[in-house]
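Protein chains: 4
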Amino acid sequence: MKTSQEYIESLRKLNLVVYMFGKRVKNVVDDPIIRPSLNAVAMTYALAANPEYEDIMTATSHITGKKINRFTHIHRSVDDLVKKSKMGRLMGAFTGCCFQRCVGMDALNALSMTTYDIDAKHGTEYNKRFLKYLEYVQENDLVCDGAMTDPKGDRSLPPHKQQDPDLFLRVVEQRPDGIIVRGAKAHQTGAVNSHEVIVMPTISMREEDRDYAVSFALPSDTSGITYVMGRQSCDTRKLEKGKIDRGNVIFGGHEALIIFDDVFVPWDRVFMFREHDFSGQLVEQFASYHRQSYACKVGVGDVLIGAAQTAAEFNGADRASHVKDKIIEMNHLNETLYCGCIACASEGHCEPSGTYYVDPLLANVHKQNITRYPYEIARLAQDIAGGLMVTMPSEEDLRSSEIGKFVEKYFRGKSGVPMEHRMRILRLIENLTMGTAAVGYLTESMHGAGSPQAQRIMISRLAGMEDKKNKAKRLCGIIKDEDTLK
Amino acid sequence: MKTSQEYIESLRKLNLVVYMFGKRVKNVVDDPIIRPSLNAVAMTYALAANPEYEDIMTATSHITGKKINRFTHIHRSVDDLVKKSKMGRLMGAFTGCCFQRCVGMDALNALSMTTYDIDAKHGTEYNKRFLKYLEYVQENDLVCDGAMTDPKGDRSLPPHKQQDPDLFLRVVEQRPDGIIVRGAKAHQTGAVNSHEVIVMPTISMREEDRDYAVSFALPSDTSGITYVMGRQSCDTRKLEKGKIDRGNVIFGGHEALIIFDDVFVPWDRVFMFREHDFSGQLVEQFASYHRQSYACKVGVGDVLIGAAQTAAEFNGADRASHVKDKIIEMNHLNETLYCGCIACASEGHCEPSGTYYVDPLLANVHKQNITRYPYEIARLAQDIAGGLMVTMPSEEDLRSSEIGKFVEKYFRGKSGVPMEHRMRILRLIENLTMGTAAVGYLTESMHGAGSPQAQRIMISRLAGMEDKKNKAKRLCGIIKDEDTLK
Amino acid sequence: MKTSQEYIESLRKLNLVVYMFGKRVKNVVDDPIIRPSLNAVAMTYALAANPEYEDIMTATSHITGKKINRFTHIHRSVDDLVKKSKMGRLMGAFTGCCFQRCVGMDALNALSMTTYDIDAKHGTEYNKRFLKYLEYVQENDLVCDGAMTDPKGDRSLPPHKQQDPDLFLRVVEQRPDGIIVRGAKAHQTGAVNSHEVIVMPTISMREEDRDYAVSFALPSDTSGITYVMGRQSCDTRKLEKGKIDRGNVIFGGHEALIIFDDVFVPWDRVFMFREHDFSGQLVEQFASYHRQSYACKVGVGDVLIGAAQTAAEFNGADRASHVKDKIIEMNHLNETLYCGCIACASEGHCEPSGTYYVDPLLANVHKQNITRYPYEIARLAQDIAGGLMVTMPSEEDLRSSEIGKFVEKYFRGKSGVPMEHRMRILRLIENLTMGTAAVGYLTESMHGAGSPQAQRIMISRLAGMEDKKNKAKRLCGIIKDEDTLK
Amino acid sequence: MKTSQEYIESLRKLNLVVYMFGKRVKNVVDDPIIRPSLNAVAMTYALAANPEYEDIMTATSHITGKKINRFTHIHRSVDDLVKKSKMGRLMGAFTGCCFQRCVGMDALNALSMTTYDIDAKHGTEYNKRFLKYLEYVQENDLVCDGAMTDPKGDRSLPPHKQQDPDLFLRVVEQRPDGIIVRGAKAHQTGAVNSHEVIVMPTISMREEDRDYAVSFALPSDTSGITYVMGRQSCDTRKLEKGKIDRGNVIFGGHEALIIFDDVFVPWDRVFMFREHDFSGQLVEQFASYHRQSYACKVGVGDVLIGAAQTAAEFNGADRASHVKDKIIEMNHLNETLYCGCIACASEGHCEPSGTYYVDPLLANVHKQNITRYPYEIARLAQDIAGGLMVTMPSEEDLRSSEIGKFVEKYFRGKSGVPMEHRMRILRLIENLTMGTAAVGYLTESMHGAGSPQAQRIMISRLAGMEDKKNKAKRLCGIIKDEDTLK
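Which chain is which? The protein sequence lines are A, B, C and D, in order.
When we follow the working numbering, the leftmost residue of the first sequence carries the number 329, and every step to the right adds one.
When we follow the working numbering, the leftmost residue of the second sequence carries the number 329, and every step to the right adds one.
When we follow the working numbering, the leftmost residue of the third sequence carries the number 329, and every step to the right adds one.
When we follow the working numbering, the leftmost residue of the fourth sequence carries the number 329, and every step to the right adds one.
If you're looking for bench data, these hints aren't it; they were derived computationally from the structure.
Warning: the hint list may mix true and false statements.
Pairs involving identical chains hold if they fit within one copy or between any two copies, as the list cannot separate such chains.
Dumping the calculated DSBU-like pairs for lysine-lysine here, alpha-carbon to alpha-carbon at most 35 angstroms [stated by the list, open to error]:
1) Lys395 <-> Lys449
2) Lys566 <-> Lys808
3) Lys351 <-> Lys569
4) Lys742 <-> Lys351
5) Lys566 <-> Lys351
Turn these sequences into a full structure, and let the hints guide you.
Here is the structure:
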């Protein structure tokens with residue numbers, strides 16, 4: 329396993345083509361806007377090396393038998409699934425943001441099942457290729473980007489009906505040594521902090537869309553791949569001199585558009601090729617795993633709850649019964665979310681490939697709650713924080729020789745608490761509810777791993793309505809069952 | 329293990345003193361108002377004897393090694409805890425009501441821990457007595473009532489300050505062969521369907537309240553014990569000729585006041601005697617187990633969801649997108665509840681006594697949701713059912729030679745569905761949302777195993793706020809941590 | 329104007345054909361199940377005669393200039409509309425149930441506009457007929473049932489496509505002196521306490537359904553009309569000896585199916601005849617008025633809030649901060665509802681007929697909230713009431729010479745409060761949240777004046793989306809507007 | 329009345345001491361961060377000059393009889409109060425942000441009543457002074473900042489107990505010609521766009537705090553007054569070259585800390601001086617008016633709803649039933665808010681001073697909903713917008729000669745919609761839910777005019793619980809009322 333320093337150094341060796349604010353980023357690793365997101369990924373290495381968290385952060389490879397970072401592990405038991413959820417909460421609480429590495433883990437696990445199932449039906453050998461690739465990832469402790477979401481264009485049309493056929497990523501040429509692909513993947517979390525990018529299709533497909541049914545993995549700096557950074561609320565605060573106004577002074581997240589401009593993929597990196605009948609399964613399995621991964625928001629919720637409580641203590645309001653009740657409500661909602669990610673793991677089962685799979689109904693239910701409760705937790709945090717969170721002067725005002733004294737004097741809270749501490753904790757709440765971290769804690773909670781309606785469709789399919797109707801009909805006598813009590 | 333028929337016969341042998349509507353009930357077992365509740369308990373025997381449900385409904389006694397009904401089992405593993413939750417949902421779905429037997433199971437499990445811990449501290453031998461009693465319960469496959477809630481009088485006063493000292497159950501005399509107790513237990517679910525009543529204190533206590541710190545078990549027909557049946561919404565429909573208007577034509581629940589009018593308890597049935605320092609622990613452990621037990625409402629929710637879907641199909645509205653969306657929402661809420669009871673079990677742990685104990689934070693979180701979601705599920709069910717649910721004529725109108733034809737003609741729904749079926753399913757929804765079953769599905773969900781505020785206090789205590797504050801302080805730089813990434 | 333006693337006597341003169349529990353009701357006025365609902369209607373007379381409420385309860389007829397009961401008045405100003413909302417809240421608070429007379433008022437007001445508009449288009453003279461009829465109603469201070477809802481059969485089919493053509497009420501014969509109609513109206517609130525029944529179509533219609541586009545008024549005891557009483561949760565408690573268990577010891581509501589078995593209507597009582605193009609307008613106008621009428625639930629909410637507060641005081645819990653907060657929340661929700669019925673009235677306007685019409689968007693928004701908040705207020709009331717509400721023995725147990733003393737002893741709350749008072753207030757909460765009054769406060773709130781989806785469709789139509797889109801486009805620069813600031 | 333250009337020119341003549349990012353702002357009017365907020369205030373002039381909105385935006389002065397901007401008007405009728413609410417919605421919809429001028433209007437109206445009432449009790453002549461000041465404001469069509477909120481320090485302590493006595497603004501010296509004040513006012517909306525600042529105390533006070541019971545008005549550029557701008561989420565985007573990323577390309581809001589460093593106030597500008605017994609009334613009356621003023625958020629909600637609908641149309645998702653339903657829900661919530669601000673106005677009444685005052689219960693209820701619904705509307709908007717809202721590249725990427733083509737190609741939505749339009753509408757939604765406008769639409773909705781708990785306390789006081797309890801007691805027979813029906 330790599331150390332966090334080794335991880336950072338390994339990124340320096342990559343030659344990524346990254347654009348931000350219309351310009352090529354020369355030094356990705358040290359870019360002030362990108363670096364906090366890299367720091368967050370680095371924590372997946374740092375905590376794995378910490379004996380206190382080893383049990384959760386590492387696992388034993390079922391291929392090599394070696395100790396590996398859990399983010400590269402294929403789940404081999406219910407215990408693995410439960411620990412994955414706990415790892416998400418732990419990492420969320422340590423970084424207060426999106427740490428970006430779960431998406432690759434989920435892609436690997438989904439492919440471990442789908443490649444196996446394609447082979448079983450079609451006699452292909454994707455699983456063999458995949459396992460070889462997996463070993464490479466595990467041995468080198470790599471960060472993989474799991475790239476699923478296509479731009480999609482007009483949402484009411486399938487891939488082949490789009491005016492521009494590239495709005496879903498597709499195979500444009502088949503060659504003896506591999507394939508050429510073209511298209512893009514949007515909303516790619518942590519893309520430029522990754523060594524590898526694993527591409528998957530984004531919807532179930534029919535015969536007509538077979539050229540879009542493709543999955544593969546490539547080094548992130550493969551020729552023809554370009555990254556365009558997405559901008560986030562308050563992103564440029566990272567360019568400012570002081571750190572306080574950032575809220576989270578260490579960590580952040582990022583998302584990027586990845587463009588594949590006629591990129592070559594060798595066959596040994598191809599895991600699905602025109603098997604459109606498995607596109608839906610791969611999407612569904614990845615989605616279920618990734619919906620479980622929103623365990624991380626419970627950890628971010630921990631930070632926000634802790635920040636709200638701290639803010640209340642700093643201004644002397646923490647004994648008010650309504651404040652205490654709001655903190656309880658925040659915890660209640662956050663732990664309800666925790667129940668979801670634990671339950672879908674604890675109810676997991678073994679698939680034919682030997683990989684353990686979460687309960688898909690409960691994983692969808694969990695994610696659906698993730699699209700709701702963080703917003704309410706954030707609302708309650710803003711309630712407790714007070715209006716100062718959005719009217720507070722900048723750190724530069726505090727440091728100003730002319731007016732710093734006024735800022736210091738008039739924003740004092742409870743006696744004994746340095747005014748700067750109050751500023752810091754309020755900026756953290758701003759960061760989590762409106763700033764860069766709100767992108768992850770709120771909007772990504774809404775749309776990541778599928779928008780709310782996607783989960784509702786799955787819940788509808790998996791709810792077992794026939795059994796429920798029969799239970800009801802029996803109790804009211806529509807179905808007669810004389811022997812009920814025997 | 330007893331069969332359901334043997335269970336019913338065993339109840340006939342009891343000589344219970346039961347009052348209802350101001351009169352002594354002569355034949356408890358065949359009383360038309362009580363019988364449906366007895367039928368529900370009988371299902372705990374019937375399903376245990378059904379090979380299909382054996383894995384969930386039975387367990388292996390850790391005392392005798394024999395196969396026993398899980399309702400008499402002491403949890404010896406996380407798997408036991410998870411199966412308990414599944415048993416609750418299963419039973420709820422099969423009966424559509426409160427099946428009453430979980431409260432005794434929870435009392436037994438809590439006592440298995442608390443008696444052990446009292447002995448460890450005070451050198452008593454309660455645990456030995458308890459295990460002997462447990463074996464008796466297991467061998468005879470008995471139904472136990474777990475009696476905790478005292479009448480409490482003025483809620484703002486402790487037991488010894490009440491105007492009437494009997495408003496909490498207490499020891500009024502200590503004798504060489506046992507003790508004499510006086511008082512009452514309110515809201516006793518399934519009391520008159522029980523062979524045994526296990527009494528526990530209802531709050532943590534101080535030295536001044538030591539006479540109230542008492543726990544014991546007695547046969548339900550012990551001299552001096554009187555039961556007064558609580559009445560329920562729509563209870564007397566069970567006295568009517570037809571069965572349709574009951575909604576649930578087979579099952580029901582009941583709750584009673586149990587009065588202990590100077591009742592003698594022999595020492596070998598006493599499990600706590602003035603150890604006020606353990607009163608709080610017993611309450612808390614029983615409460616956590618019992619909060620988990622509200623897994624049953626998920627099963628009742630299954631029935632209500634099935635009924636709502638059926639009602640929609642019967643009037644041709646099931647294809648409307650808003651109806652489909654409401655059914656999804658009902659399922660989503662119901663499965664969120666399921667996540668709670670699974671997670672608190674899956675996160676359980678072993679206590680010194682060897683008994684497995686649920687995660688108390690998550691058990692409280694689960695119960696808190698139970699005080700909310702069934703109400704919303706019921707509201708959505710009424711939305712889908714339509715107003716006819718509360719304006720429909722009686723079964724007697726349908727059977728009437730004079731106007732039956734009009735009822736039949738004008739309340740027809742979709743072609744091909746017998747009007748009587750529509751009447752039945754709507755009456756079931758009425759039963760679950762306003763009638764006898766609403767007592768269990770709604771109000772008992774609110775107050776059973778502790779009212780909402782009781783859970784909030786526990787959540788507040790167990791939420792681990794110090795760690796959360798530290799996480800927040802580190803991220804915003806109040807706590808400096810230079811080595812974060814190492 | 330009639331006194332309440334004169335009203336009751338006037339009902340004795342009617343010869344209604346009423347069925348309940350399969351049998352003809354001989355004496356409708358004194359029937360113990362029906363009487364409380366009649367008492368509620370009688371309060372519309374009693375309060376009108378009370379000088380304290382005269383300003384709200386009465387108005388000046390625009391036809392005769394005489395003082396009339398506001399329930400027979402045509403709104404001639406915004407002030408009239410606002411007073412109508414206030415009258416609803418007042419009556420709700422005085423009766424704690426549905427007082428049934430608003431539906432006729434809403435029918436009269438809707439017809440005052442639609443008949444005028446039909447005449448304007450088709451050169452008919454419905455409005456003249458209507459005004460003559462209105463004068464008769466005002467002069468005799470009559471209660472009218474406004475009968476709109478047809479049985480509807482299969483919800484996915486229009487009237488003429490139903491297997492049984494009578495599932496919507498229709499004209500079966502046209503005669504020189506009038507028409508013959510056949511069909512039924514369901515969910516008819518207060519039907520058997522009415523002097524008159526005013527029939528309206530239930531949906532917008534096309535040419536094919538013209539025989540269903542009919543509106544008329546008839547005396548309630550016209551030959552061929554039969555009433556079948558709907559049963560309600562806990563209805564038969566009114567047959568019991570004591571009154572406590574009823575909760576509301578004076579008032580109630582009722583709903584009935586009205587069957588028109590080839591009934592003759594003379595032309596001067598016909599207000600629409602095959603003008604299918606006005607069917608939708610009549611439905612919409614009646615619905616908007618009737619959605620406003622759910623002002624009454626604010627009054628019932630007042631009672632429930634008062635009852636919850638009283639229950640908390642009776643058991644010594646009223647000082648707990650969480651109880652105080654829940655009472656605040658109940659009030660907040662109830663007053664939010666009040667805002668809706670005031671706002672839709674205050675924003676009313678004058679129609680061509682001279683009748684004032686509520687703002688239809690806000691009336692729909694108000695009703696939509698009525699389908700939600702009473703359920704939450706009821707949930708909070710059950711929270712505060714405590715579990716005793718559903719486990720309490722019957723009044724007969726309290727009166728019992730054998731066990732009355734135990735019931736008295738053990739259900740005492742706070743010192744100084746008679747136990748019977750506690751029983752009474754809890755039974756009232758039961759009545760409002762699960763019993764006969766819950767039919768009106770909850771389920772009727774859901775479906776009366778149209779089910780929730782009906783309001784959503786209207787909100788969608790009336791929301792003015794084009795203007796909203798333009799506002800947004802201008803602000804983000806899609807629409808250029810250089811002169812914004814000029 | 330001034331034109332918007334005259335308003336802007338009048339600001340240029342002020343000599344304000346404003347700091348931002350630690351430095352003195354040289355040119356306040358043209359500062360790129362401040363200017364959008366000034367543009368929003370300017371719209372209060374522009375719309376008043378627009379004949380289409382004249383009826384709502386202007387009024388007739390009760391002092392001079394001249395036509396004046398409604399923002400300087402004292403409400404003299406219910407119609408005035410209703411028009412104030414409509415003006416708020418109108419302005420919110422036109423600017424999509426906080427337009428800052430209502431706070432001065434609310435201060436003027438509250439002072440028109442409180443000065444009158446102080447005079448009546450204490451024989452002072454504050455009202456005369458005030459009316460003279462009012463005439464000056466009306467004649468010159470001035471913008472006033474209403475400055476109430478003190479920094480408050482430790483929330484659990486009253487003013488005179490604070491470690492630093494200046495944490496509430498106070499009189500430090502009384503002179504023959506006036507007074508000297510010291511302290512600060514926080515969260516001052518639109519402060520640097522104002523001609524005048526009107527100071528009021530922030531809480532009810534006792535004798536010990538009499539030096540803090542002071543109200544007065546000063547020109548905004550009075551010597552000794554310093555402004556420190558609060559920073560907002562995404563504030564520095566206004567410094568960037570392009571305008572798209574701002575979301576709202578024209579308007580914004582701002583809030584500032586105002587420091588009074590021993591500032592002199594002449595007696596004719598003093599409206600309260602140590603009358604601590606009227607401090608609470610002034611706070612309450614200002615608060616009720618200002619809670620009504622949150623009518624503006626309904627207008628901002630209009631913009632957000634319009635933007636969400638546009639975004640759905642741009643990506644071809646607007647026909648999906650779940651999208652339509654979410655738009656309906658957004659409208660429903662927004663119109664429920666509208667009902668609140670209309671109802672509290674429509675139920676207003678005349679105070680002794682002749683000023684019309686809103687219904688304070690309903691105004692508090694309205695504001696309480698404002699602390700909730702905008703958050704849910706924002707959540708739904710983010711749901712409809714899709715994840716692209718937070719992952720989209722910058723405008724500079726779109727303009728880039730290197731990668732602009734990719735951004736253009738891959739973020740195309742529905743055919744025919746320019747990609748830039750899609751970018752613009754998503755940036756507007758970002759602006760309203762996370763960016764500078766979210767400060768006003770969300771956090772200010774939470775805390776402006778008092779945090780949620782402040783409204784709950786008022787609701788508790790004004791709810792009329794005695795009457796409600798009596799209504800309940802009468803219905804269940806605790807209060808006997810034999811003559812109910814007479």
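Here is what the structure says about each hint:
Taking the shortest Cα distances, Lys395 and Lys449 sit within 35 angstroms of each other inside one copy (33 angstroms), while across copies they are farther apart (43 angstroms). For the identical chains of this complex, Lys566 and Lys808 are inter-copy neighbours only, at 19 angstroms across copies versus 69 angstroms inside a copy, given an alpha-carbon limit of 35 angstroms. Proximity of Lys351 and Lys569 under a CA criterion of 35 angstroms is satisfied in both settings, with 22 angstroms inside one chain copy and 14 angstroms between copies. In the homo-oligomer, the alpha carbons of Lys742 and Lys351 lie at most 35 angstroms apart only across protomers (28 angstroms), although the nearest pairing inside one protomer, at 46 angstroms, exceeds that limit.
Taking the shortest Cα distances, Lys566 and Lys351 sit within 35 angstroms of each other both inside one copy (17 angstroms) and across copies (20 angstroms).
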